[in-house]
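Those sequence lines, one after another, are chains A and B.
Each residue of the first sequence is one higher than the one before, counting from 117 in the working numbering.
Each residue of the second sequence is one higher than the one before, counting from 25 in the working numbering.
These are computed hints drawn from the structure, not numbers from a lab.
All figures in this text were calculated on a predicted structure; none of them were measured in a lab.
Do not rely on the hints blindly, as some may be mistaken.
To be verified - Pair ranges (Cβ atoms, derived):
1) A:P346 x B:D98: 39 to 45 Å
2) A:R351 x B:G110: 57 to 63 Å
3) B:Y39 x A:A173: 47 to 53 Å
As the list claims (entries may be wrong) - Some chain A residues flagged as far from chain B (calculated, every beta-carbon gap over 12 Å):
4) E203
5) A228
6) R271
7) Y278
8) L285
9) H291
10) T375
Idealized CB from N, CA, C, for every residue including glycine.
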Amino acid sequence: MSAALDGLLAGGAAGRRGYNHAYLDEAAKREVRRTLLKALCLPGHQIPFASREMPVARGWGSGGLQITLATVVPEDTVKVIDQGDDESLNALGIRDLVTRTTGAAATTETPAATLIQTRHRIPEDGLAEGVVLVFQVPIADPLRIVDARPSVTRRMHAEGDYAGVWLYLYEDMVHHDHASFTHSHPVEVEGGYVMSPSPIPRHDVARLDGAPHISLFGAGREATLYAVPPYTRVRPLAFEDRPFETERFGGPCVRCGSTGSFLVESGGEDGAPPRLVCSDTDWCRRRRERAR
Amino acid sequence: MSPAALELRSVTVRYGPGCPACADADTAPVRCARCGAVLGCRRLSLDVLPGEVLGIVGESGSGKSTALACANLDLVPTAGRVLVGGDDVTDARGGARRRIRSDRLGIVYQTPQQGLDLDVTAGGNVAVRLLASGWRGFDEIRRRVLGLLAEVELPGDRADTPVSLYSGGMRQRVQLARALANSPAVLLLDEPTSGLDVSVQARILDLVRRIHEETRMAMLVVSHDLGVIRTLAQRLLVMHRGRVVEEGLCDQLLSDPQHPYTQLLVSSQL
Chain A
117 MSAALDGLLA GGAAGRRGYN HAYLDEAAKR EVRRTLLKAL CLPGHQIPFA SREMPVARGW
177 GSGGLQITLA TVVPEDTVKV IDQGDDESLN ALGIRDLVTR TTGAAATTET PAATLIQTRH
237 RIPEDGLAEG VVLVFQVPIA DPLRIVDARP SVTRRMHAEG DYAGVWLYLY EDMVHHDHAS
297 FTHSHPVEVE GGYVMSPSPI PRHDVARLDG APHISLFGAG REATLYAVPP YTRVRPLAFE
357 DRPFETERFG GPCVRCGSTG SFLVESGGED GAPPRLVCSD TDWCRRRRER AR
Chain B
25 MSPAALELRS VTVRYGPGCP ACADADTAPV RCARCGAVLG CRRLSLDVLP GEVLGIVGES
85 GSGKSTALAC ANLDLVPTAG RVLVGGDDVT DARGGARRRI RSDRLGIVYQ TPQQGLDLDV
145 TAGGNVAVRL LASGWRGFDE IRRRVLGLLA EVELPGDRAD TPVSLYSGGM RQRVQLARAL
205 ANSPAVLLLD EPTSGLDVSV QARILDLVRR IHEETRMAML VVSHDLGVIR TLAQRLLVMH
265 RGRVVEEGLC DQLLSDPQHP YTQLLVSSQL
C-alpha cells in the first residue's frame, strides 16, 4: 500500500491530483463536522452520519478515520495508537494516510500530539485542553445488550429508560459479585445519556471524567458518531454501595517500573511466564529514557 | 373522601379508522360494516376505590382486556379519561407514562412471557421495577427483592435462578412479586390463574387474598372464571359487547343475576 501511495502522492501537491485534501471530498468532511458539532452539543447522544467507504474495511477504524480526516488541519501533529501501541500495522497505515493526504506532522510522543486517533486506549499522559482524542468504536449503543433493535433503544435513550442496563449490572453482581464489563463499561454523561466509552479498559473509563480534552467517538460500521466535550461529568454506572473499580495488577511494569499505568501481559512463549508491561508503549519508553 | 385508586371515565376504544357510520359509540355495532373498525369498549366508566377488589367478568371479546390495557396505560383510549389516584394520566406520554406505570401500577398477566423476562433471574425480574424507579443501592434492592419473594412464598435460595427454570405457578408468583415491588396504588390482575392447574390456582388465589388482607391494596381482577371472581372480588362488573351490563356486590349479583347475559353466564358454570 505504501508504495502505491508513494506513487500517487509523489511530487507534493501536484502529485496529489485525483485525491482531495484529507482524502474525503469537501461535502463529506462538512457533513462529518456538522454531525460532530451536533454530537458535542448533546454529550453522549448517538448521531447518525453517512459513513463513507474508506481505504480501511469497516470495523478497522473507518469511523475514527473519518472523524480524524474531517477534523485535522495542516498545523496538527497526529498520533495514532492501536491498544496503546504506535507501531501496529493498522496504526501505521492510518497515520501514513492522514499525514500524507493533509501535510500534518506525525508523532508518537503524546505530549507533542494535538490530534490522537486511538483504538481502545487513552494515552497515560493527561491530555491537555485543546487536544482532540478520536476513538474507534465497534458497538456504539450501550443498550445493545438490552434490545438489539435501534428503533427501541432510541426510544429508551429519549425517555431515560436505563433500567435494562442497571438490571444487567444487578445480574452481574448476583452471579459474579462484581460488574463483568472488562471494557466498554457504560457511563452516564453529564447526568443524562448513557454512553459506551468504546472498548477502553476500566482504568481509562475512570479517566474520562472531567477531562480537559475533547473526546470524539466514531463507529463507521454502524454509521454513528458521538462526543464528550471538555470538562464533562462522565460517571461509570455502578451501585451506590458497590463502587466502580479499576483493574489491579500483580506488580509494576517490568520495563519502566510504573505502578500507576494500565499493564498488559507480554511474552510467555517457550514456557517462560508472561511479563507485565505498560500497554502505552510511548509512555513506557519515555519513562525509561528519563530514568537513564 | 380520598379519590379512587383507579378510575376510567367514559372510556371508548376503537380499533381501526372509524367512520361516520360508527362515530356514535352507543349505537354502533361492535364491528362497523362500513369501515371495519372494532369497538373494544364503549363509554366504559368504572372506579376502584382504595382498599377495594373490583372484578370484571365477561366472555372473550367483551372488552375486559381492552379496559385493563387502558388501566395499565398500555393503550391510549380513543375517548375518555384514565385517572390513577385522582390524577388524570390519559395524556402522559413517553417517559412520564412509563414512570407512572412503573411507580404507581402493578400488573400480573395471564402468561408469564408477557410480564417477565424468562432469561433473567427471578430476583432480577423483581429488581428491574425498583431500578426503573431509581433505586441505586445494591444491598437495599437485594433486601427488598428477597422480602418480596418471601412474601409470595418463593424460597430465597431460588432467587438467583432464571425464571425459565420455574414452573408455571412459581412464575405467576414472580409476576406478583414484581407487580408489588413499588407498592402500587392499584394491582391489576389479568386472568392471573387461567393457565394453572386447580390446586396451584387455589394457592395463588389464597396468596392474593392474604396480600389484600395485609396491605388493603386496591385491586382490579379481570377473569372469565366466576370462581376466581367470587373468591377475590367484593364488587363486580359484568361486561358484554364493550359495555357494562350489570354491576353490584359480588355475592348478590351472582345469586340473583338480572341481565339476561349475566343469567346465561351464571347458569353456564360447570
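To see whether the hints hold, each was checked on the structure:
{"no.": "1", "hint": "A:P346 x B:D98: 39 to 45 Å", "in the structure": "holds, 43 Å"}
{"no.": "2", "hint": "A:R351 x B:G110: 57 to 63 Å", "in the structure": "violated, 37 Å"}
{"no.": "3", "hint": "B:Y39 x A:A173: 47 to 53 Å", "in the structure": "holds, 48 Å"}
{"no.": "4", "hint": "E203", "in the structure": "holds, 43 Å"}
{"no.": "5", "hint": "A228", "in the structure": "holds, 42 Å"}
{"no.": "6", "hint": "R271", "in the structure": "violated, 8 Å"}
{"no.": "7", "hint": "Y278", "in the structure": "violated, 8 Å"}
{"no.": "8", "hint": "L285", "in the structure": "violated, 9 Å"}
{"no.": "9", "hint": "H291", "in the structure": "violated, 7 Å"}
{"no.": "10", "hint": "T375", "in the structure": "holds, 30 Å"}
Of the numbered hints given earlier, the model fails hints 2, 6, 7, 8, 9; all others are met.
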